[in-house]
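Heads up: the protein sequence lines correspond to chains Y and B, in order. Mapped onto our numbering, the consecutive letters of the first sequence carry residue numbers 1 to 393. Mapped onto our numbering, the consecutive letters of the second sequence carry residue numbers 1001 to 1393.
Hints listed in this document are in silico derivations from the structure and should not be mistaken for laboratory results. No residue lacks a Cβ here, since even glycine has one placed at the ideal position from N, Cα and C. A hint or two may mislead.
[Said to hold, decoys possible] A short, non-exhaustive set of chain Y residues, derived as facing chain B with CB atoms under 7 angstroms:
| hint | residue |
| --- | --- |
| 1 | P207 |
| 2 | Q230 |
| 3 | W232 |
| 4 | E371 |
| 5 | M374 |
| 6 | A377 |
| 7 | G378 |
[What the hints assert, rightly or not] Here chain Y is said to cover these stretches of chain B; the calculated rule only asks that three of the stretch's residues, wherever they fall, bring their Cβ under 8 angstroms from a Cβ of chain Y:
| hint | segment |
| --- | --- |
| 8 | 1122 to 1135 |
| 9 | 1315 to 1324 |
[What the hints assert, rightly or not] Below are the BS3-like pairs computed for lysine-lysine, each with C-alpha atoms no more than 30 angstroms apart in a straight line:
| hint | chain 1 | residue 1 | chain 2 | residue 2 |
| --- | --- | --- | --- | --- |
| 10 | B | K1123 | B | K1141 |
| 11 | B | K1141 | Y | K228 |
| 12 | B | K1141 | B | K1129 |
| 13 | B | K1228 | Y | K141 |
| 14 | B | K1223 | Y | K228 |
| 15 | Y | K223 | B | K1104 |
| 16 | Y | K141 | B | K1052 |
| 17 | B | K1104 | B | K1347 |
| 18 | Y | K226 | B | K1141 |
| 19 | B | K1129 | B | K1372 |
| 20 | B | K1052 | B | K1141 |
| 21 | B | K1052 | Y | K228 |
| 22 | Y | K135 | Y | K104 |
| 23 | B | K1104 | Y | K104 |
| 24 | Y | K104 | Y | K228 |
| 25 | Y | K347 | Y | K104 |
| 26 | Y | K104 | Y | K123 |
| 27 | Y | K228 | B | K1056 |
| 28 | B | K1228 | Y | K226 |
| 29 | Y | K226 | B | K1104 |
| 30 | B | K1052 | B | K1135 |
| 31 | B | K1228 | Y | K223 |
| 32 | B | K1228 | Y | K104 |
| 33 | Y | K123 | Y | K226 |
| 34 | B | K1135 | B | K1347 |
| 35 | B | K1056 | B | K1135 |
| 36 | B | K1129 | Y | K226 |
| 37 | B | K1104 | B | K1372 |
| 38 | B | K1104 | B | K1141 |
| 39 | Y | K226 | B | K1226 |
| 40 | Y | K104 | B | K1347 |
Each chain is listed here by its residues.
Protein chains: 2
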Amino acid sequence: MTDARHNAPILPPRILMGPGPSDVSPRVLAAGARPTIGHLDPEFQILMDGIKGQLKRVFRTQNAVTFPVSGPGSVGMEACFVNLVEPGDTVIVCQNGVFGGRMKENVERCGGTVVAVDDDMGKPVDPDKLRAALKAHPETKVVAFVHAETSTGVVSGAATLCAIAREAGCLTIMDAVTSLAGIPVEVDAWGADAVYSGTQKCLSCPPGLSPITFSDRAIAAVKARKTKVQSWFLDLNLVLAYWDGEGGRSYHHTAPVNALFGLSEALAMVEEEGLENAWARHARTHNALRAGMEAMGIAFLVDPAYRLPQLNTVFIPAGLDDAATRGALLRGYGIEIGAGLGPFAGKIWRIGLMGESSRINHVLILLAALEKQMREAGVSVPGSGVEAAAAAA
Amino acid sequence: MTDARHNAPILPPRILMGPGPSDVSPRVLAAGARPTIGHLDPEFQILMDGIKGQLKRVFRTQNAVTFPVSGPGSVGMEACFVNLVEPGDTVIVCQNGVFGGRMKENVERCGGTVVAVDDDMGKPVDPDKLRAALKAHPETKVVAFVHAETSTGVVSGAATLCAIAREAGCLTIMDAVTSLAGIPVEVDAWGADAVYSGTQKCLSCPPGLSPITFSDRAIAAVKARKTKVQSWFLDLNLVLAYWDGEGGRSYHHTAPVNALFGLSEALAMVEEEGLENAWARHARTHNALRAGMEAMGIAFLVDPAYRLPQLNTVFIPAGLDDAATRGALLRGYGIEIGAGLGPFAGKIWRIGLMGESSRINHVLILLAALEKQMREAGVSVPGSGVEAAAAAA
């Protein structure tokens, strides 16, 4: 349906349970709609300082260089690689899903040499493989890995991987796009050097910003580069004149003012709840979904030992058509869930319970709607998912 | 003043008359606050198609590749350079202000060789210098220039520069950040090949998106590259799978959904007014400001023959302190005007009359506030700026 006035679609209400974006609180939407002010306005600079502090607390870091990059998570990823990787550098990329593959692309486009540590999709990164790769490639400068793989719903042992890398004298780049605020991310305690996230997952902001943090060691590496950073926009030496300028900020690019209003509000909401409480909520909501799915005879892809609570990958029940079922959920209930990627396309669904979408009500609605689809398709349903989830909540 | 709840500043109202962002309509702010939906939602894809059509009409082009890059104008600039410039390519950069300098930085970071065509800040690009540079450098692949220099308020003869470049067999990259929707931008009629703009100038959106358009010739050059585009995020071969995917869009990055809601509404407002009417309004509002400033004895930097109506550079009256006066305007009236850049720092102000800020009321408020500052500082004011502006409006 379109608005005849200017052919814009009248957007239907949605319940966002895919791999992101997640539901955004009305408070965050309202904050993002505050009147635009100048990106160099002194009052806006106070807001910028506030956001830096908020991000340090959510990243659990004292890193001075902690701010949101003016672009979505993929830009945060690129900011980490273009600043830390110079032509000829060796970078170990641990790949156990789609986003590890994107990291390899980034290294190659920076002129770096990729050493691959591959694990199967659906499994975590194997620390022993990383140790072996470091032994075989003592020239390695950077170790990169994905903390929470959005393509599979797997969490890898970030503390262990960071410790192994640091012991070998390497810097780490960690993807925390889906993990931040959903499960513990301890940048300082783990000694992660360059970490990027996104706003549209467990922070429940609209997509468009990528919080990053760089350790002093990482910043020293940026300053010691022999070559210029290949991206003018992402060159930390330049961006920091805006985000970290002492005694007044200097113009680099025009920051996305309204998106930052929204991010500030979303981070305030995380702190009001308490980060630990948010982690616990994500775990509880996952438990309810798991109980419901299992009652309905639906199995999870990922072993409980390394399963993300905020990104749940389940096998599509035999007898249900992938696209038709997702379409029915969307049209009938406004529910968005995610398709499988790569080898899992058509085999699994990705169900996000992130941020504002990590609610028992979301779980109940999804289970009820899915149960109806199964019954209508003649798929046997061993028990009530809704009852089991409600009991587990 | 801060909001005790979470230390966020309570942002004061502003009248944005600097070099951007400009005032944003409540309609656009409200559109940006609509509930977030998925970036792959079929309803969102209808909106994406609508935005592509809207942008084609505002750029005056039939170019199939016309869409908003998910980042501010500097990212749009970088998208043009990283896709069209390969290592070893010769690029003529016409520089007559700050943004031409940024273009040179982009070329060098792509491994290209810059041939500089320099004109003084405050003057337009000299077509004869471009002709001479092309004769001296027949190997030139790309000619880059800024249509409307935000640092000085100068418009260059884009039609002429594009024609000269095309006659020499070169592609053109044109910066239309400040020009789009404020003065004529005729992408197809001029034969410009790669054009980027920003949302926070005459389109009066919040900053954060960069509309771009690529001609078929430019796309052919991207497809004929010998090397991979150095930015994964900006590689048009990949981005277009999302923005131009036939029979369904495939995931590349998560688009800034809410910012795109706002852009769609802002573009609808431009079309409701009519693009030609918007150009005429920008000219009228400039005339009022000019009459007022001249009555008050304040001179313009730029010759009327190549003066931008939407970005006015005026000499700071002798006897007024630059920063103190701008601070007084901001604190006393909420008015933001811009400082001079580079050699003009402390010598000129940059007064934006862009998009929603291109209003006679804005002009009257600024002139009244400025006249008061001048009188208080003991600076003689030959005549009433407000009266002259009102008479000219």
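Okay, the hints, checked on the actual structure:
1. For P207(Y), the shortest C-beta to C-beta distance to chain B is roughly 4 angstroms, which falls under 7 angstroms, so the interface hint holds.
2. Among the interface hints, the one on Q230(Y) holds; its C-beta lies about 5 angstroms from the nearest C-beta in chain B, closer than the 7 angstroms criterion.
3. This hint holds: W232(Y) has a C-beta 5 angstroms from the nearest C-beta of chain B, less than the 7 angstroms allowed.
4. The closest approach between the C-beta of E371(Y) and any C-beta of chain B is roughly 23 angstroms, which is over the 7 angstroms cut-off, so the hint fails.
5. Residue-level restraint check for M374(Y) is violated (minimum Cβ-Cβ distance to chain B is 23 angstroms; threshold 7 angstroms).
6. For A377(Y), the interface hint is violated, the least distance from its beta-carbon to any beta-carbon of chain B being 22 angstroms, above 7 angstroms.
7. The beta carbon of G378(Y) is not positioned within 7 angstroms of any beta carbon in chain B (closest approach about 27 angstroms), and the interface hint is therefore violated.
8. Counting residues of the segment 1122 to 1135 of chain B whose beta carbon lies closer than 8 angstroms to any beta carbon of chain Y gives 0, which falls below the threshold of three, so the coverage claim is violated.
9. Check result for the segment 1315 to 1324 of chain B against chain Y: violated, 0 residues qualifying (beta carbon to beta carbon below 8 angstroms, three or more required).
10. For the given pair, K1123(B) sits about 25 angstroms from K1141(B) by alpha-carbon distance, which is consistent with the 30 angstroms threshold.
11. At most 30 angstroms may separate the alpha-carbon atoms for a hinted pair to count; K1141(B) and K228(Y) meet this at roughly 23 angstroms.
12. About 17 angstroms separates the Cα atoms of K1141(B) and K1129(B), which keeps this hinted pair within 30 angstroms; it holds.
13. Proximity of K1228(B) to K141(Y) is assessed by CA-CA distance (about 23 angstroms); at most 30 angstroms being required, the pair is judged to hold.
14. A C-alpha spacing of about 26 angstroms is found between K1223(B) and K228(Y), which places the hinted pair at or below 30 angstroms, so the restraint holds.
15. Between K223(Y) and K1104(B) the CA atoms are separated by roughly 22 angstroms; this keeps the pair inside 30 angstroms, and the hint holds.
16. Taken as a hint, the K141(Y) and K1052(B) pair is broken in the structure, with Cα atoms around 42 angstroms apart against an allowance of 30 angstroms.
17. The suggested pairing of K1104(B) with K1347(B) holds, with an alpha-carbon distance near 25 angstroms, which does not exceed 30 angstroms.
18. Between K226(Y) and K1141(B), the direct Cα distance comes to roughly 28 angstroms. Compliance with the 30 angstroms bound is thereby established for this hinted pair.
19. For the given pair, K1129(B) sits about 44 angstroms from K1372(B) by alpha-carbon distance, which is inconsistent with the 30 angstroms threshold.
20. Distance check on the hinted pair: K1052(B) and K1141(B) sit about 28 angstroms apart at the alpha-carbon level, within 30 angstroms; holds.
21. Pair hint K1052(B) plus K228(Y) does not hold up; C-alpha atoms about 35 angstroms apart against a cutoff of 30 angstroms.
22. For the suggested pair K135(Y) and K104(Y), the alpha carbons sit about 20 angstroms apart, so the restraint of at most 30 angstroms is met.
23. For the given pair, K1104(B) sits about 29 angstroms from K104(Y) by alpha-carbon distance, which is consistent with the 30 angstroms threshold.
24. Restraint check for K104(Y) and K228(Y): the C-alpha separation of about 21 angstroms stays at or below 30 angstroms, so the hint holds.
25. Annotation: proposed proximity of K347(Y) to K104(Y) holds, straight-line Cα distance about 26 angstroms (limit 30 angstroms).
26. The straight-line distance between the Cα atoms of K104(Y) and K123(Y) is roughly 18 angstroms, inside the 30 angstroms bound, and the hint therefore holds.
27. The hinted pair formed by K228(Y) and K1056(B) fails the criterion: a straight-line CA distance of about 36 angstroms is larger than 30 angstroms.
28. A C-alpha spacing of about 22 angstroms is found between K1228(B) and K226(Y), which places the hinted pair at or below 30 angstroms, so the restraint holds.
29. For the proposed pair K226(Y) and K1104(B), the alpha carbon gap of about 20 angstroms is at most 30 angstroms, so the pair holds.
30. For the suggested pair K1052(B) and K1135(B), the alpha carbons sit about 37 angstroms apart, so the restraint of at most 30 angstroms is broken.
31. Taken as a hint, the K1228(B) and K223(Y) pair is honoured in the structure, with Cα atoms around 26 angstroms apart against an allowance of 30 angstroms.
32. As the CA atoms of K1228(B) and K104(Y) are separated by approximately 13 angstroms, the hinted pair is consistent with the 30 angstroms bound.
33. Distance restraint check for K123(Y) and K226(Y): the Cα-Cα separation of roughly 37 angstroms exceeds the 30 angstroms cut-off, and the hinted pair is therefore not satisfied.
34. Proximity of K1135(B) to K1347(B) is assessed by CA-CA distance (about 37 angstroms); at most 30 angstroms being required, the pair is judged violated.
35. Taking the CA atoms of K1056(B) and K1135(B), the gap is about 33 angstroms. The hint is violated against a cut of 30 angstroms.
36. Our distance criterion of 30 angstroms between C-alpha atoms is broken by K1129(B) and K226(Y), whose separation comes to about 35 angstroms.
37. For the proposed pair K1104(B) and K1372(B), the alpha carbon gap of about 42 angstroms is over 30 angstroms, so the pair is violated.
38. Between the alpha carbons of K1104(B) and K1141(B) the distance comes to roughly 14 angstroms, so the proposed pair stays at or under 30 angstroms and holds.
39. Among the hinted pairs, K226(Y) with K1226(B) is consistent with the structure: their alpha-carbon atoms are about 25 angstroms apart, no more than 30 angstroms.
40. For the proposed pair K104(Y) and K1347(B), the alpha carbon gap of about 49 angstroms is over 30 angstroms, so the pair is violated.
Checked against the numbered hints above, the structure breaks hints 4, 5, 6, 7, 8, 9, 16, 19, 21, 27, 30, 33, 34, 35, 36, 37 and 40 and satisfies the rest.
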